[in-house]
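Turn these sequences into a full structure, and let the hints steer you where they fit.
In the order they appear, the protein sequences are chains A and B.
So the first sequence is numbered by the working numbering: it starts at 6 and just counts up by one.
So the second sequence is numbered by the working numbering: it starts at 6 and just counts up by one.
Please keep in mind that the hints were generated in silico from the structure rather than gathered at the bench.
Treat the hints with care, as some may be off.
Note: identical chains are not told apart, hence a pair may lie in one copy or across any two.
To be verified - The list that follows gives simulated cross-link-like pairs (lysine-lysine, DSSO-like), each with its CA atoms no further than 27 Å apart:
1. K51 with K295
2. K291 with K248
3. K223 with K10
4. K291 with K31
5. K327 with K133
6. K223 with K51
7. K327 with K295
8. K295 with K61
9. K248 with K51
10. K10 with K295
11. K223 with K31
12. K241 with K133
13. K291 with K223
14. K243 with K295
15. K295 with K31
16. K232 with K165
17. K51 with K95
18. K132 with K327
19. K133 with K199
20. K295 with K241
21. K21 with K295
22. K223 with K210
Number of protein chains: 2
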Amino acid sequence: MENVKVLIWGFGAMGKGITEMLLGKKGVEIVGVCDLNPKLIGRSFKESLEITTVDKDIIISDDIDDIINNNVIDIAIIATDSYTRNSYPKIEKIVKAGINVISTAEEMAYPYANEPKLAENMSLLAKKHNVTILGTGINPGFVMDYLVIALTGVMENVQKIQVSRVNSLSPFGPTVMDEQGVGITVEQYNERVKNNDLAGHVGFKESVFMIADALGIKLDSFDQQMKPIISSVYRKSKYGEVKEGNLAGIDMTAQGFIDNDVFIDMQHPQQIEPELEGTNTGDYIKLYGKPEVNMSIQPEIDGGIGTISMCVNMIPHVINSKPGLKTMIDLPVPRAILGDIRDLIDRE
Amino acid sequence: MENVKVLIWGFGAMGKGITEMLLGKKGVEIVGVCDLNPKLIGRSFKESLEITTVDKDIIISDDIDDIINNNVIDIAIIATDSYTRNSYPKIEKIVKAGINVISTAEEMAYPYANEPKLAENMSLLAKKHNVTILGTGINPGFVMDYLVIALTGVMENVQKIQVSRVNSLSPFGPTVMDEQGVGITVEQYNERVKNNDLAGHVGFKESVFMIADALGIKLDSFDQQMKPIISSVYRKSKYGEVKEGNLAGIDMTAQGFIDNDVFIDMQHPQQIEPELEGTNTGDYIKLYGKPEVNMSIQPEIDGGIGTISMCVNMIPHVINSKPGLKTMIDLPVPRAILGDIRDLIDRE
Numbered sequence: 006m007e008n009v010k011v012l013i014w015g016f017g018a019m020g021k022g023i024t025e026m027l028l029g030k031k032g033v034e035i036v037g038v039c040d041l042n043p044k045l046i047g048r049s050f051k052e053s054l055e056i057t058t059v060d061k062d063i064i065i066s067d068d069i070d071d072i073i074n075n076n077v078i079d080i081a082i083i084a085t086d087s088y089t090r091n092s093y094p095k096i097e098k099i100v101k102a103g104i105n106v107i108s109t110a111e112e113m114a115y116p117y118a119n120e121p122k123l124a125e126n127m128s129l130l131a132k133k134h135n136v137t138i139l140g141t142g143i144n145p146g147f148v149m150d151y152l153v154i155a156l157t158g159v160m161e162n163v164q165k166i167q168v169s170r171v172n173s174l175s176p177f178g179p180t181v182m183d184e185q186g187v188g189i190t191v192e193q194y195n196e197r198v199k200n201n202d203l204a205g206h207v208g209f210k211e212s213v214f215m216i217a218d219a220l221g222i223k224l225d226s227f228d229q230q231m232k233p234i235i236s237s238v239y240r241k242s243k244y245g246e247v248k249e250g251n252l253a254g255i256d257m258t259a260q261g262f263i264d265n266d267v268f269i270d271m272q273h274p275q276q277i278e279p280e281l282e283g284t285n286t287g288d289y290i291k292l293y294g295k296p297e298v299n300m301s302i303q304p305e306i307d308g309g310i311g312t313i314s315m316c317v318n319m320i321p322h323v324i325n326s327k328p329g330l331k332t333m334i335d336l337p338v339p340r341a342i343l344g345d346i347r348d349l350i351d352r353e
Numbered sequence: 006m007e008n009v010k011v012l013i014w015g016f017g018a019m020g021k022g023i024t025e026m027l028l029g030k031k032g033v034e035i036v037g038v039c040d041l042n043p044k045l046i047g048r049s050f051k052e053s054l055e056i057t058t059v060d061k062d063i064i065i066s067d068d069i070d071d072i073i074n075n076n077v078i079d080i081a082i083i084a085t086d087s088y089t090r091n092s093y094p095k096i097e098k099i100v101k102a103g104i105n106v107i108s109t110a111e112e113m114a115y116p117y118a119n120e121p122k123l124a125e126n127m128s129l130l131a132k133k134h135n136v137t138i139l140g141t142g143i144n145p146g147f148v149m150d151y152l153v154i155a156l157t158g159v160m161e162n163v164q165k166i167q168v169s170r171v172n173s174l175s176p177f178g179p180t181v182m183d184e185q186g187v188g189i190t191v192e193q194y195n196e197r198v199k200n201n202d203l204a205g206h207v208g209f210k211e212s213v214f215m216i217a218d219a220l221g222i223k224l225d226s227f228d229q230q231m232k233p234i235i236s237s238v239y240r241k242s243k244y245g246e247v248k249e250g251n252l253a254g255i256d257m258t259a260q261g262f263i264d265n266d267v268f269i270d271m272q273h274p275q276q277i278e279p280e281l282e283g284t285n286t287g288d289y290i291k292l293y294g295k296p297e298v299n300m301s302i303q304p305e306i307d308g309g310i311g312t313i314s315m316c317v318n319m320i321p322h323v324i325n326s327k328p329g330l331k332t333m334i335d336l337p338v339p340r341a342i343l344g345d346i347r348d349l350i351d352r353e
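In structure tokens, the structure reads:
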């Protein structure tokens with residue numbers, strides 16, 4: 006059986022990580038890498054990753070049509086956007102070429118939440134071209150939704166869901182420091198919030214609606230909030246520096262309501278060096294009902310490696326799936342791939 | 006759309022619990038109850054459950070052929086056995102009648118582990134009759150296998166898996182006290198082990214092989230051990246009593262080996278009143294690799310309610326599945342059913 010052939014679209018931190026992970030797996034090969042960054046175009050991907058162990062080399066190209074037209078490709082991993090609207094034209098192009106898609110865009114983890122019309126379009130388009138589209142990642146895609154849903158599987162009834170992901174931003178680079186407002190003053194925070202220039206966590210609505218739809222409940226409303234995490238001590242990480250009184254990061258919360266009561270309650274504070282003020286990082290799921298379930302993962306699951314792994318590990322499930330737009334609740338359980346990826350492809 | 010129609014085969018603790026749970030759900034109805042217990046045959050299941058709220062009543066019957074021949078049935082839940090070999094003739098009968106099956110038998114959670122030939126037969130038979138067979142439960146079926154597998158989904162690589170389920174037997178009745186040797190002397194324990202009269206936990210091999218197959222690894226060998234948990238204090242629960250020096254329960258361990266190294270390491274001590282000697286009950290999963298994952302659920306997920314819930318919550322997935330013998334790693338994620346079960350049935 007031939008290797009599974011993968012196109013990487015977007016060669017940033019995620020795209021590179023996915024490429025490196027795939028290079029360590031059996032039965033799969035990278036057949037194309039697309040990125041618009043002038044510093045990358047025309048370069049060898051081996052050189053770019055500083056690796057020498059791979060036989061075959063790929064030249065990074067900005068011409069997606071050329072890559073698609075000149076290669077046999079089973080699946081494209083698109084790691085370019087956070088929002089469905091922005092990734093939609095890319096997904097459309099890939100699907101029309103008869104290629105399966107995995108997207109890292111946070112909103113694509115459950116596009117029905119924010120873009121129901123585009124989701125419907127993608128679903129029809131995928132069926133027409135006999136391919137499958139999946140959005141996944143660590144969060145949304147796993148910690149604050151899939152894992153919650155799986156744990157409700159042991160329950161007769163669920164009265165309330167509380168989920169908290171408390172993570173450290175210390176390992177991340179300058180882009181994340183900027184996106185999460187690490188080190189800025191309260192005035193700068195207020196200004197950026199006013200200018201809609203501080204995204205924070207993208208994905209609460211996706212997680213909340215994925216859970217609600219999986220459990221078969223209708224939410225009356227959804228709300229989310231952002232507030233600054235003001236440090237009372239000096240904090241410093243590799244790429245972040247926070248003076249006392251400035252932002253160590255931002256705390257985001259969200260709720261799904263039924264009858265004015267909070268049914269799904271989410272909290273996701275992100276900051277550098279949380280332990281300096283006694284915060285224990287971790288992923289926490291508390292399910293009230295019959296029986297109660299009280300789960301914790303300490304420290305939190307690594308977000309970068311987690312997203313990279315989810316994208317790679319879902320490849321066989323996406324290839325095996327019935328055509329259409331799928332989400333994590335439609336496909337079999339994700340799992341690490343320790344053997345040959347080809348052995349996981351359904352030949353029926 | 007018509008209600009989903011369920012047959013309950015086996016009206017012990019699990020069968021009763023499943024029935025009670027189903028009576029609280031929308032879009033589903035019980036159309037038959039089969040049990041061989043002379044105290045139950047001919048009785049009303051409402052009377053037997055001491056409930057008055059259900060419109061329709063069912064008379065418990067020992068004549069499975071009569072039930073099958075005189076009812077339209079979508080799915081049978083068979084809660085009669087622990088071993089595949091014993092439940093096989095029952096499953097065969099149901100499948101030949103064109104009815105889907107969920108089995109609570111521990112070995113049926115992954116029948117390939119102990120009964121590969123019977124598993125193959127069931128797979129062919131289910132496909133021939135266009136129905137699906139699934140074995141599930143809290144453990145095997147979820148805590149020590151499915152949940153482990155799901156958590157590996159966030160990992161690039163897995164070096165070792167440690168799973169521990171530390172539970173209290175205090176809520177359980179006289180049957181479990183006997184099965185787990187609660188209160189017996191060390192001499193009695195040795196005698197029962199010699200006579201092969203102490204089953205302890207059934208399901209380690211199923212869990213270990215489900216994990217190995219999901220991850221695509223070949224184990225070189227499997228081993229399991231049993232040892233007594235000797236109490237150094239007096240312990241008492243509703244149905245159990247343990248004198249100092251006697252058994253509070255039994256501790257079971259299992260290993261899956263690769264190259265003489267333990268790759269999957271399992272521990273499952275079960276006893277009454279564990280807190281009297283400082284044991285914290287809980288479910289613990291530790292995954293070594295990239296990244297490490299360190300999960301705990303405290304206290305442990307309730308075993309009785311958990312098994313009941315898994316059986317009910319998987320009904321839509323089993324009805325929706327492609328025909329064949331399926332396991333938890335083939336089907337979509339389990340989830341609590343809070344709405345109408347009919348809304349979860351795929352009409353394509």
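Verification of the hints:
For a Cα distance limit of 27 Å, the shortest separation of K51 from K295 across copies, 22 Å, qualifies, whereas the shortest one inside one copy, 53 Å, does not. Proximity of K291 and K248 under a CA criterion of 27 Å is satisfied in neither setting, with 34 Å inside one chain copy and 37 Å between copies. In this homomeric assembly, K223 and K10 come within 27 Å of each other (Cα to Cα) only across copies, at 25 Å, whereas the closest approach inside a single copy is 40 Å. With identical chains, the CA atoms of K291 and K31 are at most 27 Å apart between copies only, with a shortest distance of 25 Å across copies and 38 Å within one.
For a Cα distance limit of 27 Å, the shortest separation of K327 from K133 qualifies both inside one copy, at 12 Å, and across copies, at 21 Å. Taking CA atoms no more than 27 Å apart as the test, K223 paired with K51 passes in neither setting, with 49 Å inside one copy and 31 Å between copies. For the identical chains of this complex, K327 and K295 are neighbours neither inside a copy (34 Å) nor across copies (31 Å), given an alpha-carbon limit of 27 Å. Taking CA atoms no more than 27 Å apart as the test, K295 paired with K61 passes between copies only; the shortest distance there is 26 Å, against 54 Å inside one copy.
With identical chains, the CA atoms of K248 and K51 are never at most 27 Å apart, being 40 Å at best within one copy and 68 Å at best between copies. For the homomeric pair K10 and K295, the shortest alpha-carbon distance between copies (24 Å) is at most 27 Å, but the shortest distance inside one copy (45 Å) is not. For a Cα distance limit of 27 Å, the shortest separation of K223 from K31 across copies, 15 Å, qualifies, whereas the shortest one inside one copy, 43 Å, does not. For the identical chains of this complex, K241 and K133 are neighbours neither inside a copy (52 Å) nor across copies (65 Å), given an alpha-carbon limit of 27 Å.
Taking the closest pair of Cα atoms, K291 and K223 come within 27 Å of each other only inside a single copy of the chain (20 Å); across copies the shortest separation is 36 Å, beyond that limit. When the C-alpha separation of K243 and K295 is checked against a cutoff of 27 Å, the pair qualifies only between copies, where the shortest distance is 21 Å, while the shortest distance within a copy is 45 Å. Taking the shortest Cα distances, K295 and K31 sit within 27 Å of each other only across copies (17 Å), while inside one copy they are farther apart (43 Å). When the C-alpha separation of K232 and K165 is checked against a cutoff of 27 Å, the pair qualifies only within one copy, where the shortest distance is 24 Å, while the shortest distance between copies is 40 Å.
For a Cα distance limit of 27 Å, the shortest separation of K51 from K95 inside one copy, 25 Å, qualifies, whereas the shortest one across copies, 58 Å, does not. Proximity of K132 and K327 under a CA criterion of 27 Å is satisfied in both settings, with 9 Å inside one chain copy and 18 Å between copies. Proximity of K133 to K199 under the C-alpha cut-off of 27 Å is found in neither arrangement, the shortest distances being 43 Å within a copy and 64 Å between copies. In this homomeric assembly, K295 and K241 come within 27 Å of each other (Cα to Cα) only across copies, at 25 Å, whereas the closest approach inside a single copy is 44 Å.
Taking identical chains as interchangeable, the C-alpha atoms of K21 and K295 lie at most 27 Å apart only when they sit on different chains, with a minimum of 16 Å there against 44 Å within one chain. Taking the closest pair of Cα atoms, K223 and K210 come within 27 Å of each other only inside a single copy of the chain (14 Å); across copies the shortest separation is 40 Å, beyond that limit.
Hints 2, 6, 7, 9, 12, 19 from the earlier list are contradicted by this structure; the remaining hints agree with it.
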